[in-house]
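Starting from the known structure of chain A, fit chains B and C onto it as the hints suggest.
Listed below are the residues making up each chain.
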Amino acid sequence: MRHFVIVGILVIVMASLTYIGLDGIGLMPVAASAQAIPIDWLWNWQVVAMSFLFSLIVVPMGYSLIVFRKKKGDTTDAEHVEGNTNLEIAWTVLPLFLVMIFAYMGAFSLGEVLRVDPNAMIIKVKARQFAWTFEYPDTGIVSTELHLPYNRQVVLEMESEDVIHSFWVPEFRVKQDVVPGRVTEYRITPSLVGSYKVRCAELCGTSHSYMEAPVIVDEVADYDAWISEQKALTAAAQTPEGQGQLLTVSNGCVGCHSVTSTSLPTAPTWFGIYGSQVALADGSTVTVDDAFIRESILDPKAKEVAGFSPTIMPPYTLTDEQIVNIIAYIKTLK
Amino acid sequence: MSHTNDKSSALTQGVIIFAYLAVLTVIEYLIAVSFNAVSILVVVAVIKAALVMYYYMHIYKLNQDSEGDEHSYSYKTDTNRLGLWLFLLSDAFVFAGLLTVRMNLLGFTRPHLNQILGLAVTVVLLVSSFFMNRGETAMAHGDKKGFMNNVLITFVLGLGFLLGVVMVEWRLAAAEGLTASKDVTGAVFYMMTGMHAFHVFTGLIFLFVVWNNARKGVYSAEKHWGVEAAAVYWHFVDLVWIFFYPALYLIGKLV
Amino acid sequence: MKRFFSTALMRGLFWQFVGTLVGAGLVTGIRALMGLSVTDKFFFTEPAWVLGGFFGVLFFLVGNGVTGDWIKWARGIDTPEHHEEHYSGWEKYFNVSLDHKVIGIQYTVTALVLVSLGGLFALIFRTELAQSQLQFLTQDLTLFSQTGPQLYNTLMSLHGMIMIVSILLGIAGVINYVVPLLLGAQDMAFPRLNAFSYWIAVPAAVLLVMSLILGGFDTGWTGYPPLSARAPVGMQMFFLGVFTAGWSSILGGLNVIVTVVRMRAKGMTAMRMPIFVWASIATSLISLTATQLIGLSFQLVMFQRLFGMGFFDPPKGGNPILFQHLFWFYSHPAVYVFVLPGLGVISELLPVFVRKPLFGYRWIAMSSLGIALVGFVVWAHHMYTSGMNEYLRVPFMYSTLLVAIPTGVKFFSWVATLWGGKITTPTPMLFVLGGILSFLLGGLSGPPNATVSTDLHLQDTYWIVGHFHDTIFGGFVFPFFGAIYYWFPKAVGRRMNETLGKIHFWLMTPSFLVLTLLMMRVGLLGMRRRIADYDPALGFDTYHLIMTIMGYLIGISVVIFLYNFFNSIKNGEKAEGNVWNSRSPEWQVPSPMPTHNYDRPFEVIGEPYDYGLANAEYIRFLEPEKSKHK
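Protein chains in written order, with our numbering: chain A, 1 to 334; chain B, 1 to 255; chain C, 1 to 630.
If you are wondering where the hints come from, they were derived from the structure by calculation, not from laboratory data. Among the clues, some could well be false.
[Claimed, not checked] Calculated lysine-lysine pairs in the DSBU-like style (CA-CA distance at most 35 Å, straight line): (1) C:Lys502 to A:Lys70; (2) C:Lys41 to B:Lys182; (3) C:Lys72 to B:Lys216; (4) A:Lys303 to B:Lys182.
For clarity, every value in this text was computed on a predicted model and none was experimentally measured.
Next comes chain A alone, as it looks inside the complex (with noise of 0.2 Å):
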């Protein structure tokens, strides 16, 4: 009876200790939207569940560990105890009424986390090996950065162009694959101004590691501010080089070649690229011209740069024009 008595004591400090000890090393990271207020709740009953029955198990078996201990020449069996029923009823029973209330926890958390709000905004996700693009259908801006106002509901109508990714930004807590064929949906309300980042969150390919975009909480007034600023940019690029910009970021391209001086380990810069000597897989050297950077684009596996290759690129089906314009834009790299 003693032995049950400290049992129980060891397991509720035990408990508490753990409990304690895993609510103050801060296992999520900071929580950056409404949704994440469900998943939070909910993860932390999960933890408090955890830290009970892991105390519950551990103890009686450390504690048996040391008690219960053979002595040493005693060649005798313990004492002859085949079960108790009322015992296993009660440790079946039990765990079943927690099962009931963690699965009503989870599915009252689920509606939460699903809540709809009619005026959310919806902004369209392309994924693509290895790179993502945003585009804003009232104001036709095409980024390569997500921008969400604080504190509106927005829900992002994704699409994949090839295989299966995920979307997922750690401080909003949801994920959503993103599938092939179908849009998927995920809405979202960002609840702390700051920079995060979007990272793919189902294998891809090779660079899935790095198939990454920021996404940027700003105030209200600092989102609008950039909302006019993009749709500035987006009216003054009637150039070639304007229109080539746009063209290299609703592709894609920039998510894995970089346009500054720093390059990125997905693609060949093309930071002062374009007139260059660039040595190729295959041993020899070629000139950064209009023609290479069209082969380039239609067959990227036909001349492959050397420490790129086997190539990851995709070809890309783009009009004469097109190419010409991202051509333009190219060479405004310097």
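Chains B and C in isolation, oriented as in the chain A frame:
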């Protein structure tokens, strides 16, 4: 009606069961043509399947007590029988998976297929099961000649089914534009009929093996496990088609 | 040496090589006649490699002789019921034997080989992950026609599947060796099928390794299309290898069920069977049936690649999510295949080292069946974020949470068994306890995955990786080692070294626990799974460095185990009696186990776990068999 033991009434029972199967098949076809009620078609298929499993495949034998101790031929045959049925249970999961694929991808549509041909090959397979049952019954009563003749007919009919599907139906379908690579309708059709045809093919090999061994005098009325196994496997192949036929030919609207 | 090259293993591999060429040549020839291309990046075209791979398996099985008797039966030639051992010593294990004990050891050793290979792959990619940014698996590296990142994906994917196959072989090893002994049977119900089930796994493993050199594949072990439909040729070798290995699991499961139903000793009613037998049945019910679905799902992708059949190709009306349903319909129950035997080992060994009955034997027996059955209806919890029908998520959440109940019954029963006992902790018991602890962590990290909203954050992160490593080590790896330390004396007549065993345990266990706890930590904070590189700004570098070191420590502990295992065969301390003072039937006869198991059959006259009850015999040996051979 329970299973019977003496030869002539066993043969008669085989005929009666075949008659039931034939009538049910006709009913099935008429229902599909007239008001296409999926649930009734499923029920009919289940009834046909139950008849085949009980009277042709003798599933009740799984429950019988062995004669003799664990070293007797009877005990070992009963053990083998359990093994065979578990194998068929496993194989059934593949076909259930294919039916799931069909329902998910095609829903309540069906490919445009030649109905006469479909009904014809179905009848051929059912008749082959009839003759297989006759053959097995013959061997169970020591009639080697009867067994060999009936199995030969079974083989010919089975070959007829195989050629009817692969050489005729497939060609006809492809000519009408139902190809494996055009869209999922074709893919599902060829996959289902192909997997089934593969099992018909292996069943034919099995039939040949036991026919040949019977010729060499390997089997007797008391010891013919190979024959029973071949028969049960053959009926299983028919069983799958009992479900695949309505799934491909009868259920749903034309695409 | 010459005798080695004439073993069934080498003959099989030789014929697999020949068969591969024949199959590939056949397709190439047909393609030439049809005016299609005959060569490709890896010499043969993909269809040629596929038929080659398939023929390779068939040729292996015929060439190594394991199908010999069946071929004779097909020709009407009878074969002797009783099978003599043609070989002795090491040769036994490299040739075809129909003895379940030899087959059990063949399975076990092959499992250890694959565990080591899978572990080696893990150490390679863990070394890459130790620091952020690519260190050696860089874009510039080209090995087996893959760049560093591509090779990373292949190694990571193969780590998963090779480990899974090693688990299937490992459980087959323990089950095959032990179950007939527990039942009092002379062998499994179908000895030739048993040998076949083992030998088919060998060419399957070869195919998996071949995928590495045929361009690899980048999908993870789950092989989701559309990515798997466009992966390199290595993908097909992977699919074919898994398909082939699946047959080992299916046929093995069939054999176990029939053996348990038909070959039990007199008086061994269902509720008097050793508990490990219940675990084996539950496992086998799953492996017999559900495995066909992973075969089907992979077959459909293979045909999509070969013939353009658009099952999972949206432009053709295909549905990528259908693949996931078919795949997980097997792959979830599969994880119960992985752990139920190990949990059975825990239940089997605890009474021996606690000197007390297994608490609530019937409930534990039923809990194995309960887990197996409920396990069939939870699969879509792997698909909460997949885009499948929304309304499916909540029912699967309920069913998934329900699995916790029979699992909980096991934990509580184990604690109650320990409570009030007289506990000793030799190495087998240490691994049992380590298994309970790991499986506890794995089980407790499950419910947050079951509830949909929390899973939205956890899916595809290292939290999941930590969860399944804990459950797999707890349910398989620890009990597997425990079972080997425990039954080694029964098989060999010698003990494994106790000191080395303890070092193995104390090196492996803390390292492993730290590894998985850190996995869970970084997963919660944003570390995605299946990535070759991670952002330094995430601040995970130190965690990853520690995880890599833990991985190496685990590897070292396994090396120590392997040395102990092989060395003890010849040099272990002799142990010919009931080393653990167990009530179980196999320990009532001397070690090593005689070839035909029990010279005198036994009858069950009591309960298996009546420790502490005076004069409570479990079995009684009967008069020797009149006819020795059946």
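Do the hints match the structure? See the list:
Between Lys502 of chain C and Lys70 of chain A, the direct Cα distance comes to roughly 19 Å. Compliance with the 35 Å bound is thereby established for this hinted pair. For the hint linking Lys41 of chain C to Lys182 of chain B, the alpha-carbon distance of about 27 Å falls within 35 Å, and the restraint holds. For the hint pairing Lys72 of chain C with Lys216 of chain B, the CA-to-CA distance comes to about 14 Å; that is within 35 Å, so the pair holds. Proposed proximity of Lys303 of chain A and Lys182 of chain B is supported: the alpha carbons are some 33 Å apart, at most 35 Å.
In summary, the structure agrees with every hint in the numbered list given earlier.
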